[in-house]
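Given the sequences, and given the hints that come with them, work out the whole structure.
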Amino acid sequence: MEHNQKIRISDSTLRDGNHAVGHQLSAENIASYCKAADAAGVSIVEVGHGNGLGASSLQLGEARTPDHIALATARKNLSKSKLGIHVIPGFATIERDLKPALALGVDVVRVASHCSEADICERHISFSRSQGVEVWGCLMMSHMISPMLLLEQARKMESYGAEGVVFMDSSGHFIPADVQQRVETLVNGLSIAVGFHAHNNLGMAIANTVAAAEAGATLLDGCARGFGAGAGNAQLEVLVAVLERLGYSTGIDLYKILDAADLAEQTLMKEIPTIKSVSVVSGMAGVFSGFMKPVSRIAKEFDIDPRDVFFELGRRKIVAGQEDIILEVAKELAQRAKKGNQ
Amino acid sequence: MKLECQERTRHDCLRILDGRDKALDPLRQSELVVIGGTGFVGTWIAEMVAALNDGYQFGIKLSLISRSTDQFANRLPHLANRPDVSLIKSDVRQLGQFPANADWVIHAAANPDVRTHASNPLDTASVIVDGTMSVMRTAERLSRLQKLLYLSSGLVCGAQPVTVNGVAENAQGAHAPDACFIYPNAKRFAETLCSAARAQSRIPVLVARPFSFVGPYQSLDTPWAQTTFLSDALRGHPIRVLGDGQVVRSYLYGSDAAYWFLRILTAGQSGDVVNVGSPVGVTLQDLAIEVAKNFEPSPEILFNTAPRSAGRSAQLLPDTTHAQNEYGLSVFTPLAEAIKLTAQWHRMQSH
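Which chain is which? The protein sequence lines are A and B, in order. FYI, the numbering used here numbers position 261 of the first sequence as 261, with every residue one higher than the one before it. FYI, the numbering used here numbers position 262 of the second sequence as 262, with every residue one higher than the one before it.
Just to be clear, a hint being listed does not mean it is correct.
What the hints assert, rightly or not - Here are the computed lysine-lysine pairs in the BS3-like style, where the Cα-Cα straight-line distance is at most 30 Å: (1) A:Lys35 / A:Lys270; (2) B:Lys293 / A:Lys6; (3) B:Lys2 / A:Lys99; (4) A:Lys82 / B:Lys293; (5) A:Lys80 / B:Lys293; (6) A:Lys270 / A:Lys293.
Just so you know, the hints here were simulated from the structure itself, not pulled from any lab data.
Here it is in structure tokens:
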């Protein structure tokens with residue numbers, strides 16, 4: 001099979017992977033992986049706190065490496081690859097965070113919001129575009145709205161000046177048919193590139209990402225060894241290999257991306273992401289993969305089943321940034337269990 | 001604004017008026033009101049009126065009505081402080097203070113920024129629809145009114161069918177009733193209001209449908225192709241083209257457009273609808289090349305990987321046969337010259 005379509009890979013290892021280690025990636029980690037990804041010919045290397053620029057905080061987790069050091073380090077070690085950042089308005093402000101980041105040489109700004117809240121991205125997208133950097137919009141937790149509503153939100157981002165829109169399966173909830181339907185809707189309704197960011201809660205990350213490519217997406221995210229929040233992301237080196245088999249052009253050297261993945265395993269990870277039972281539940285419940293660690297910890301503290309917590313969070317449609325609710329849910333479930341036992 | 005920029009825009013107007021001023025004679029010693037008068041179109045009309053008054057002694061009294069007269073006065077004192085120009089701060093939906101002796105009215109009030117359409121679709125529609133209703137009610141009280149020109153949009157007929165070379169005024173298409181098409185659909189309904197006002201109140205109203213423009217006074221932070229290309233190049237960045245660069249658009253220069261509007265206003269028959277734009281198409285790839293020619297070193301041109309949807313029209317051009325045959329209008333400033341003048345103006349303005 002031969003495709004003419006060129007795929008741009010955005011490597012989220014040093015951003016989404018930061019979730020998996022409590023945002024503790026060091027400058028040395030960043031430098032060595034950037035070198036390896038750059039050598040492999042990865043289009044874009046995304047760097048930063050798991051929740052993006054300016055998100056280091058007590059509530060979301062304090063990053064070991066401050067944004068300015070992470071970005072300066074990455075910039076120094078990327079020559080061919082572009083340097084990307086994830087920006088959630090609210091966590092990142094234009095004056096305090098975005099301007100300094102652009103001054104450090106960021107090439108691609110990915111401005112993200114919850115899937116139904118694209119409006120909050122207007123200023124950040126417009127500002128980034130006006131500064132001459134490439135800017136994409138990202139719609140997180142995209143399983144929570146229909147393809148038609150997703151298109152409405154994506155069109156807003158396009159109107160603000162986004163040059164691509166990536167929809168994110170933040171809780172690893174999708175199966176390939178879901179992804180195909182959304183990509184087709186977006187490709188038909190937008191004039192800009194469409195992208196997809198997978199999580200692997202149901203073991204579908206590669207299949208979903210390939211489905212996205214087959215339906216017309218040209219911006220695909222992946223992480224070395226799947227290093228990312230919860231059950232991890234689409235495993236980058238596997239994705240590159242599969243795309244190569246399918247005849248897509250990514251511009252990535254297979255051996256070198258395999259080397260980069262080996263390096264990532266040796267230097268970045270405490271453990272390789274696996275699909276744990278709670279991850280399956282998180283995917284089924286449609287809850288953000290990054291909640292796995294706090295949910296597991298808090299459930300243990302209250303002696304309740306973390307799977308019940310996930311399903312309750314899913315029922316309440318809780319999204320990233322609402323981590324405080326985990327505690328509230330756990331308390332309620334514990335009280336309910338106590339009453340039931342009396 | 002810098003003196004050399006003022007001189008440039010004045011020169012642009014005089015260049016267009018040379019040998020064509022007689023066609024605007026009905027404007028002599030009259031009172032013209034432009035509602036929504038501080039945007040791109042209003043500013044160019046003000047420049048053209050200033051050139052007519054100073055260069056040809058037309059004696060036009062011009063009133064510009066807008067919510068943003070303060071910014072206009074700060075930005076363009078050479079227009080705002082003229083004795084023949086009055087600024088009236090007002091929302092189009094509440095036109096309390098309106099020149100009672102207006103002979104001519106141009107209604108151009110609407111926000112063309114697609115970002116506002118996306119974030120505030122209801123407000124976008126309100127300004128267009130409620131605003132047009134308000135203008136029609138006001139026009140009913142104007143005893144001297146000769147004609148009212150409503151500036152609609154070249155988008156009201158929907159996407160250009162792949163089978164035609166340009167969208168004619170009588171095209172039958174329309175956009176889907178989705179929020180993302182609030183602007184063209186509201187404009188379309190506003191045209192209906194104009195028609196209703198003509199039928200019910202005998203208001204002499206005609207419609208111009210603007211397509212795409214280029215020139216000084218266009219904000220470079222708007223996410224349109226030519227403004228983005230210019231902005232990229234002025235910053236010394238590569239020019240980034242969305243998609244494969246084969247989308248076709250056309251651009252009419254600001255001073256050309258101002259002359260077209262005044263000519264249609266004065267010569268048009270009530271009820272007429274006229275496309276305003278350039279019929280000369282250019283691919284975005286060629287547009288990027290044209291922009292790049294004006295910079296040294298020439299910026300790199302990059303294409304992103306967005307595939308174009310099959311069946312989506314890649315072209316939006318006006319059919320301007322009617323404007324040409326009925327009003328003698330044509331493109332006075334070719335695209336290459338328009339881009340050159342615009343790039344020079346922005347460069348002068350920033351230095």
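Each hint, compared with the structure:
1. A:Lys35 / A:Lys270: holds, 21 Å
2. B:Lys293 / A:Lys6: Answer holds: B:Lys293 to A:Lys6 is near 28 Å, not above 30 Å.
3. B:Lys2 / A:Lys99: holds, 28 Å
4. A:Lys82 / B:Lys293: holds, 27 Å
5. A:Lys80 / B:Lys293: holds, 27 Å
6. A:Lys270 / A:Lys293: holds, 14 Å
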